[in-house]
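S.K.: For reference, the chains in residue letters:
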Amino acid sequence: MTTTHDVYAPSFMTGDEFHIPTFRLLQQDGTLFEGAEAPELDEDKALKIYRAMLITRVLDERMMAAQRQGRLSFYMQCTGEEAAVIGATAALDDADMIMAQYREQGALVYRGFSYDEFMNQLFGNELDYGKGRQMPIHYGSRKLHYMTISSPLATQIPQATGYAYGQKLAGEGHCTITFFGEGAASEGDFHAALNMASVHKVPVIFFCRNNGYAISTPSSEQFAADGIAPRAFGYRMHVIRVDGNDVLAVYRATQEARKLAVEMNQPVLIEAMTYRLAAHSSSDDPSGYRSRKEEEAWREKDPILRMQRWLIERGWWSEEREKELQDSLRREVLETMKRAEKRPPPPLESLVTDVYADVTPALQRQLDALKTHIRKHPDAYPKGARSLDPDVKAPGGEHKAGDEQGGA
Amino acid sequence: MPRMNMLQAINNALDIAMAEDDKVLCFGEDVGVFGGVFRATSHLQEKYGRDRCFNTPLVEQGIIGFANGLAAQGSVPVAEIQFADYIFPAFDQIVNETAKFRYRSGDLFNVGGLTIRTPYGGGISGGHYHSQSPEAYFAHTPGLKVVVPRNPYQAKGLLLSAIRDPDPVLFFEPKRLYRAAVGEVPEEDYQLPIGEAEVTKEGSDVTVLGWGAQMEVIERAVELAEKEGVSCEVIDLRSILPWDEDTVVESVLKTGRLVITHEAPRTGGFAGEIAATIQERCFLYLESPIERVTGLDTPFPLTLEKEYLPDHLKIFEAIKASVAF
Ligand SMILES: Cc1ncc(C[n+]2csc(CCOP(=O)(O)OP(=O)(O)O)c2C)c(N)n1
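Chains A and B are the protein sequences, given in the same order.
Using full-length UniProt numbering, the letters of the first sequence map in sequence onto residues 1 to 408.
Using full-length UniProt numbering, the letters of the second sequence map in sequence onto residues 1 to 325.
The shape of chain B in the complex, shown without the other chains (with noise of 0.2 Å):
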């Protein structure tokens, strides 16, 4: 099986997604030529020619209301948004209009078709505008799916799953690992559910949950607990919206302890709403209260980002914390 990192992982599901369909398009700033700032989309142009994969003008919310009219008229837009920070001017497009195109309409018309790729997330030195997670506001309106993958295998899975999904998809890819993930990808086409949450380690002492990036960082806390004697379960929620409740519930009855991590913000962060939904199913089981390990409710910092993100260090000491409860 070839290796490959995140990037090149993402290039091979668009290639594979526009050779197999010719109604796919990719297209969004500097996308063409010059295959994206971070080369996911490299040579898409030349083998698929200009109509098919192009630059935009820079405006996101042209872009994706232009999207979300293709994806209407039966096409299948992947629209690149340059940076997860660069969202909000296409947030009325998105949150109003992808979202809400089927519904509204009584299923007359829908954008199915649409997905918006965007690279996400801090640890690499990006400062304020270049390093937000901002998942958590589009979890909060239904009629959008929410996918982060974590390695290079899975960002060919599920964004084959979600160019191929009957519903609109927001792929968050997370930027740090765009490089530095290298795995086993299988060169054939595969996909991989949108919707259910992955079990990457069996333990019976605490549940540690988190998505993207996170993932590589839990790792690491993990080996530190487990050198001490604490067991681990831990699971990549993989798609935030909608999320795989049961997997969670079901890890949580057996451990009775819950540390859930992301790096936005903890107020209104997705972490929120899988602590209240746990707490309901598994009140009577938990033995300890759900730790949350979060950025801090600021913006994100440049110079002090090392202290600011929740690094491995910060779950080591939850977990340690929500098994000495």
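Excised from the complex, chain A in its bound form (with noise of 0.2 Å):
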């Protein structure tokens, strides 16, 4: 029990008075600040740690390119949040779960999910683990412990507390790590994920991507105070704030947390202060809403650029290597996206299946009635109508690019 100091006069306290430092090792020249050491690292995971934030940014340069180009409906980048998602998901367990927001590609990168899966889920074809009802990026991975992208904002992470708090009663010694922006940390469901993980002693990281816009909304609309991370002295828990373009930082940060989370049992917040480099997604245009000079000053943080000089500087990288990586992995990517592209949808069945264990009755009427439609207008219906009677052909392109407009 802490002792309560009482006073005899009004004296109110704002919390002015603490200033979080930041955790930083890692200068953008690639040399470690003074005095400071970096983890412990071997080259082969320094370079899967490279080459996973590496893939990413080609993956989502890629991907944009494709949704200009009206071949895919929709898009996200997590372009200059690659230290922090990725730096994070090296700390872990490979057995741990993730609970992500939807920026999160590069911790299933680093997991090794396929460019094959990606563009599935992406297209939303035949080969979906998601059975094309999500918009793209709302990727899941039961294999890679990676959990199903829901949109709407913040629902997950009392859910990490609870699913964390069941490992923690099975006894597994995994912990769980929540992604989420600053924005959803606005959200109820965070306070609610918080608390609860405090008062319960659950093994819960709580990763907050400081990337300074939600939308167009810039974090000075969004919070008053110094950050998230003060929020974490409201309900007694860790807390540390972590340069979130520093892939060292985050990762010795986040090693500590885990130690915290599955060794003690207790819950940690870590928040990563970074910036969301690129459009909020694929139907945004930050021009609105932010100044060229502002992202400029950003472009030259780039967490990856910080990396690569590290790995030259000893002696793991180059730029030829660098360059033939980038090059093989520009021509894989747009491979399976060819292939991804081709597979025909999910069936018609898709529809009514997975609402419940089975298909009640009642869904089943509901589908028998619908293929009858369909069979009486086969032209109007060309992807249902082909699962229905595979001679059946589309008129037109397989996929047509929404006109999908606002956040996910």
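Hints are not guaranteed to be accurate.
[Unchecked claim] Straight-line C-alpha distance at most 25 Å; calculated SDA-like pairs for lysine to any residue:
no.	chain 1	residue 1	chain 2	residue 2
1	B	K306	A	D354
2	A	K338	A	E61
3	B	K306	A	L367
4	A	K259	A	Y165
5	B	K227	B	E287
6	A	K376	A	P347
7	A	K371	B	P289
8	A	K45	A	Q27
9	A	K45	A	E320
10	A	K338	A	R111
11	A	K371	B	T267
12	B	K47	A	S291
13	A	K376	B	R266
14	A	K143	A	G173
15	A	K371	B	I124
16	A	K371	B	A321
17	B	K320	A	R375
[To be verified] Residues of chain A placed beyond 10 Å of chain B at every Cβ, according to the derived structure:
no.	residue
18	T4
19	T14
20	R24
21	Q28
22	L32
23	E61
24	R71
25	L144
26	M264
27	E295
28	D389
[As the list claims (entries may be wrong)] Only part of the chain A face toward chain B is listed, based on derived beta-carbon distances under 8 Å:
no.	residue
29	G132
30	A184
31	G384
Note that these hints are calculated values from the structure, not bench results.
Treat the numbers as computed from the prediction; the structure is a model and nothing was measured.
The C-beta atom is built at its ideal place from N, Cα and C for all residues, glycine as well.
Both chains come to you apart, so use the hints to assemble them.
M.R.: Here's what the structure looks like:
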């Protein structure tokens, strides 16, 4: 129990007296800050992290271009935040659970989600694990311990607390990490999640990507305090703020957080200070709410460049290897995309499966009525008609990009 | 008369309401400088200042709770929920608070000034969480008014009525039509009545009923049906709570048949409520079972959206079935 200090005159506190420092190790030129020590990281693992960052960047560039060409209906980039997401993922055990918001494809790349797996989801084809039900980027992988993304913001945060509590009871020695933006941290779900985690001593890591914007809303209009980190105090929770563009610092901080979570059942809040370099999504145009100058200033803090310089300095990487990798990546991504685009959509039945464990009689009746209707007008429903009768040819392209606007 | 799309008409209505009454405030996620992700609130911050048009933190529960408090104080909040799919975090504030403020306080307090605007509906490749039509959840809550416009003219007139209505109003905007629906809209201030349906076309064989984005779909179905010699009467409900029973009853007494359509899933959808009322009041006049053309009883899909949606062909088939019964 803490002792209470009584005062006998009104004495208000605002929290301004606390300033949470930012943990950083690596400078932009690839050298360490004086007195800073790199985390233990062998060449293999360092390169695995770096490659994942690069793959994520290339994937994002290619897919954004595909969206612009009208081949894909929607896309969201991780650009600028690769170090935060991938550095954190690398510090975990591969079987720890990840509950992400939507911009964390880097975690999946690190864990080995294949290009095919990405593309199948993006194109919502018959091989998409989510059966073409959700918009692009709503990935999920049971094998890789990556919970399928849900669009309503922050809903995954209290779920992470619950999942991790189950892990604790099961005695697995695993934890859950949940990623979210500083915008989503305004939702009631965030507060509920932290409170329950601290009361019930849950092995969960709350990882906030404070990237400056929630769509057009700058963080100055999102909260009045010193970021998200001080909120941990209200719940008596461990907290650290880290330079989110410094992959070594993120890695080290998450390693320590994992120890607190798994070994001591202490929930931890990590606030990674970073910047959403890209638009919010393919439907967004950031020039309407922020300056080019501001973006340029952050471009100079590019997390990938920073790590690359560190790797080159150590003799683990070179510009030639980089170019080789980038070229082969671009090729592979393109080839996989072409394959995924050509695949047929999920069958009509997928409209009514998975609503319940078994298709109910009412749903079966609705599906039968729909089939009868489509047989009457096969040309009007190319996708559904094809799965009823594979010989029916779809007129026009396979995937029409929608005119979806706004956020995910 | 100027031509406007639905977003321009909504923006124009907000502009008029804010100019006329400085108690009117617009707020929500991204509505400030950016003017909302669909740009319905463009330039309002520039014109009326940050005190009256502003971004809120990202918390729907907070937005509506805050709006309830503001309205109770006598302000006239117009709160935007970015997508109707994201209204559910605010569900408690809306159904337990907004709807019951006046009733539970014996009219000591009320939040009649509140209007909640939100884009709803599918047909935009939005998948699961950008396509839902949740109006029926709110139609089950006494104390709310629920309004759905079908075109720019209606959007302006009904929104101005909603803002000035003495009761809290949920205003569902068909986002598929935001830019697609263009029409003549008077520049001046005008209001359209809440709670009154509009007969958009007279006919004698069958009544076809819908609201919002479905009206455009109905129009196409009716064209097909009329080519086959079926005379359709078309009604736009406009307001689903309260809804205009008398206009629908009058029409069904004449035609003897009713086809109702909405995008939301069938079970518990508002068509069920209408069908029950009409069979109570028109039982002996009905010449065929009331037909419902709706979404399936499933969440909203992405890839197979076209198959899922109640489109003009499905409505056309329902009209034929109704007439041929
Ligand atoms: C409950 C809910 N409200 C609104 C939205 C619409 N929306 C999608 S993303 C977004 C901004 C999120 O910002 P942030 O959490 O900071 O993450 P970032 O996009 O910056 O990574 C909004 C408002 C949503 N998906 N869910």
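S.K.: Holds or violated: A/K376 with B/R266, Cα cutoff 25 Å?
M.R.: 22 Å, holds
S.K.: Mind verifying the non-interface call on A/D389? Its CB should be farther than 10 Å from each CB in chain B.
M.R.: 14 Å, holds
S.K.: Has the given pair, A/K45 with A/Q27, been kept, meaning a C-alpha gap of at most 25 Å?
M.R.: With Cα atoms ~20 Å apart, A/K45 and A/Q27 stay inside 25 Å; holds.
S.K.: Does B/I124 lie within 25 Å of A/K371 when you go C-alpha to C-alpha?
M.R.: Given that 25 Å is the threshold and the Cα spacing comes to 23 Å, the pair holds.
S.K.: Using Cβ atoms and 10 Å as the threshold, tell me whether A/L32 really stays out of contact range of chain B.
M.R.: Per Cβ check, A/L32 is outside 10 Å of chain B; nearest 36 Å; holds.
S.K.: Does the structure keep A/K371 and B/T267 at a Cα separation of 25 Å or less?
M.R.: 20 Å, holds
S.K.: Checking one constraint from the list: CA of A/K45 to CA of A/E320, max 25 Å. Satisfied?
M.R.: 20 Å, holds
S.K.: Quick one: work out the minimum CB distance from A/M264 to chain B and report holds if it exceeds 10 Å, violated otherwise.
M.R.: Holds, because the least Cβ-Cβ distance between A/M264 and chain B comes to about 31 Å, which exceeds 10 Å.
S.K.: Given the hinted pair A/K371 and B/A321, is their Cα-Cα distance within 25 Å?
M.R.: With Cα atoms ~17 Å apart, A/K371 and B/A321 stay inside 25 Å; holds.
S.K.: Between the alpha carbons of A/K259 and A/Y165, is the straight-line distance 25 Å or under?
M.R.: Roughly 16 Å separates the two Cα atoms, so the pair holds.
S.K.: When you look at the beta carbon of A/E295, is every beta carbon of chain B farther off than 10 Å?
M.R.: 16 Å, holds
S.K.: Find the nearest Cβ of chain B to the Cβ of A/R71 and say whether that gap is larger than 10 Å.
M.R.: The assertion about A/R71 holds, with a minimum of 13 Å to chain B.
Violated hints: none; the structure is consistent with every hint.
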